[in-house]
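Here the protein sequences come in this chain order: A and B. End of the first sequence = 476 in our numbering, gap-free, step of one. End of the second sequence = 344 in our numbering, gap-free, step of one.
Among the clues, some could well be false.
[Said to hold, decoys possible] Sample of chain B residues facing chain A (criterion: CB under 7 angstroms; computed from the structure):
no., residue
1, His-181
2, Phe-198
3, Leu-212
4, Val-214
5, Ser-241
6, Thr-261
[Stated by the list, open to error] Okay, the calculated bits of chain A under chain B, using three or more residues with CB under 8 angstroms as the criterion:
no., region
7, 158-169
8, 423-430
[Said to hold, decoys possible] Looking from chain A toward chain B, a few residues come up when the C-beta cut is under 8 angstroms (computed):
no., residue
9, Asn-138
10, Gly-264
11, Asn-331
12, Ile-335
13, Asn-336
Since the hints were made in silico from the structure, they are not lab data. Beta carbons: idealized from backbone N, C-alpha and C, even for Gly.
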Amino acid sequence: MKWLKNNSEKVAIPLVFVALWLLKYFGVINNYLLQILMLAGVNIIMTESLNLVNGVTGQNSIGHAGFMAVGAYISALFTDIIFNVSDMPLIPQTALFLLATIIGGIIAAVFGYLIGMPTLRLRGDYLAIVTLGFGEVIRAIIRITPFVGAARGMMGIPKLANLFWIYLFVILALYVCRNFIDSSYGRACMAIRDNEIAANTLGINVSRYKIIAFVTSAFMAGVAGSMFAHTMRYLHPDIFSYIKSTDFLVYLYAGGVGSISGAFLGGFVLTILPEILRFMQEWRLVIYGALLLIIILFRPQGLFGGKEFSWLKLKTGGIHQMGLKDLLGRKKMIKKEASAEETSQ
Amino acid sequence: MILEVNNLQVNYGAIKAVKGISFYVNEGEIVTLIGANGAGKTTTLRAISGLERVHTGTVKFKGEDITNIAPHKIVGMGLTHVPEGRRIFTNLTVMENLRMAALLVKDKGEISKSFDEVFELFPRLKERRTQSTLTLSGGEQQMLAVGRAIVTGGDLVVLDEPSMGLAPMIVDEIFNVILRLNKEGATILLNEQNAYMALSIADRAYVLETGNITLEGTGKDLLDNPAVQDAYLGS
Numbered sequence: 132m133k134w135l136k137n138n139s140e141k142v143a144i145p146l147v148f149v150a151l152w153l154l155k156y157f158g159v160i161n162n163y164l165l166q167i168l169m170l171a172g173v174n175i176i177m178t179e180s181l182n183l184v185n186g187v188t189g190q191n192s193i194g195h196a197g198f199m200a201v202g203a204y205i206s207a208l209f210t211d212i213i214f215n216v217s218d219m220p221l222i223p224q225t226a227l228f229l230l231a232t233i234i235g236g237i238i239a240a241v242f243g244y245l246i247g248m249p250t251l252r253l254r255g256d257y258l259a260i261v262t263l264g265f266g267e268v269i270r271a272i273i274r275i276t277p278f279v280g281a282a283r284g285m286m287g288i289p290k291l292a293n294l295f296w297i298y299l300f301v302i303l304a305l306y307v308c309r310n311f312i313d314s315s316y317g318r319a320c321m322a323i324r325d326n327e328i329a330a331n332t333l334g335i336n337v338s339r340y341k342i343i344a345f346v347t348s349a350f351m352a353g354v355a356g357s358m359f360a361h362t363m364r365y366l367h368p369d370i371f372s373y374i375k376s377t378d379f380l381v382y383l384y385a386g387g388v389g390s391i392s393g394a395f396l397g398g399f400v401l402t403i404l405p406e407i408l409r410f411m412q413e414w415r416l417v418i419y420g421a422l423l424l425i426i427i428l429f430r431p432q433g434l435f436g437g438k439e440f441s442w443l444k445l446k447t448g449g450i451h452q453m454g455l456k457d458l459l460g461r462k463k464m465i466k467k468e469a470s471a472e473e474t475s476q
Numbered sequence: 110m111i112l113e114v115n116n117l118q119v120n121y122g123a124i125k126a127v128k129g130i131s132f133y134v135n136e137g138e139i140v141t142l143i144g145a146n147g148a149g150k151t152t153t154l155r156a157i158s159g160l161e162r163v164h165t166g167t168v169k170f171k172g173e174d175i176t177n178i179a180p181h182k183i184v185g186m187g188l189t190h191v192p193e194g195r196r197i198f199t200n201l202t203v204m205e206n207l208r209m210a211a212l213l214v215k216d217k218g219e220i221s222k223s224f225d226e227v228f229e230l231f232p233r234l235k236e237r238r239t240q241s242t243l244t245l246s247g248g249e250q251q252m253l254a255v256g257r258a259i260v261t262g263g264d265l266v267v268l269d270e271p272s273m274g275l276a277p278m279i280v281d282e283i284f285n286v287i288l289r290l291n292k293e294g295a296t297i298l299l300n301e302q303n304a305y306m307a308l309s310i311a312d313r314a315y316v317l318e319t320g321n322i323t324l325e326g327t328g329k330d331l332l333d334n335p336a337v338q339d340a341y342l343g344s
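Sequences are here, hints too, so could you generate the full structure?
Structure below.
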């Protein structure tokens with residue numbers, strides 16, 4: 132019983148997967164619902180990725196859709212044009228899909244490195260301008276590249292992503308973010324966010340840690356891009372405009388910048404919310420906007436700002452952890468109990 | 110000589126903040142820079158630690174030229190800087206702040222030993238080690254800033270205005286710790302507005318006025334110097 136209590140996530144996560152599969156099998160989840168859940172997963176990965184840069188390291192990236200575009204196009208190029216995956220049997224098909232995803236992530240990370248290297252030495256707004264410019268440049272390049280469909284868009288990408296793969300990558304993303312924040316890398320990044328000069332005087336190589344965070348984030352964005360491409364089956368450069376980047380920023384700040392749980396909820400809830408509001412027809416986006424306004428007015432730190440789900444078991448950041456009990460109405464926060472080992476580390 | 114500054118000049122745009130000063134710090138000494146606001150004390154210290162670009166002149170630490178080297182490399186060589194105004198990482202707990210300072214220390218035994226030392230010097234920090242640093246008072250934040258320097262463990266500790274905005278009792282506590290650090294072998298370069306306090310613990314002192322060194326001598330000499338008394342001690 133005690134093991135179960137301490138490792139509830141190891142039981143809960145597979146159960147959620149099985150439940151989703153059963154719901155799909157018995158037709159409760161139709162294709163429409165399925166697509167929304169898949170897009171929500173993609174958006175969660177993107178928001179987590181953005182959180183590493185904007186939330187944890189305190190740098191402003193406002194062109195994250197650019198990295199997503201790189202991942203999406205590179206992986207689609209791989210599965211659709213270089214290898215025509217759709218005619219293959221299941222196992223090599225899946226293997227190539229995963230390979231394409233990883234390659235998409237790596238190429239996005241390379242772009243992240245190239246962009247980050249010269250600009251992360253600059254402070255604040257400069258990085259924001261450069262990332263915004265990068266997103267638009269990528270879009271312009273894709274628009275004139277004939278073999279990925281140029282301005283017509285890329286069609287007929289095999290539908291290889293499914294709920295299982297997307298949420299597996301969501302879990303991996305959560306895991307990577309959690310471990311990143313709980314490592315000395317994450318603490319160094321948070322130190323940079325809180326006070327760059329003090330971080331410098333403690334011997335933290337500021338630009339190195341910024342680049343590590345930025346490249347990790349770009350990799351995750353590339354993976355999300357690949358998932359997106361193989362969910363939607365159609366890519367167009369205009370999908371990855373700055374409006375898309377802004378969406379992720381909204382998810383992150385409404386969810387709670389700097390918090391893994393906040394990024395998760397922001398990405399999930401705000402993807403689903405506009406769909407739930409569909410019954411309002413043309414009033415849908417008005418209500419959506421008003422709800423965002425209410426969140427920012429009454430909880431400027433975001434829904435989960437400064438808090439984390441207790442099942443993430445984060446230790447760093449002076450964080451208040453929220454258990455299921457707290458979510459279900461008990462107001463009192465469980466304050467993180469620092470163990471004696473913490474002193475000896 | 111652990112630190113040797115030669116003809117240091119630092120500019121902010123067209124403004125010359127430090128106009129070619131030279132001074133040195135011997136191993137095991139406490140040296141203090143005193144002077145009014147805007148005399149260039151903080152700029153000098155920041156230039157030494159690599160936080161400010163040196164225009165002309167050289168800074169030598171342990172015989173090696175460290176002029177315009179990245180700050181984190183200078184820290185790695187054993188020069189620790191406690192910046193002005195504490196600069197605590199406010200989103201981290203006290204313990205996490207200290208752990209950040211241990212980033213360059215590889216030996217785990219040494220790290221926990223230095224944590225113990227900090228908690229022994231500042232029992233108040235031990236009580237609050239799991240608290241967010243947002244809840245600390247100004248004095249406790251300064252204790253934490255000094256504690257971080259202890260954990261980083263440099264041979265030369267540069268302190269920028271450690272008494273700024275603190276209650277007299279806490280100033281005493283901080284200065285006692287500085288003296289103790291010095292006894293344990295660290296060389297101290299101190300920049301202080303509280304001239305009386307600084308001069309009474311310093312082996313040697315320099316007086317800065319609008320970017321130039323106008324006076325130097327032992328701490329005691331300067332305490333007795335009528336010009337210094339008049340300008341900085343307010344007697």
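Checklist entry - What are the numbers of the hints the structure violates, in ascending order? => result The structure breaks hints 4, 7, 8, 9 and 10; every other hint is satisfied.
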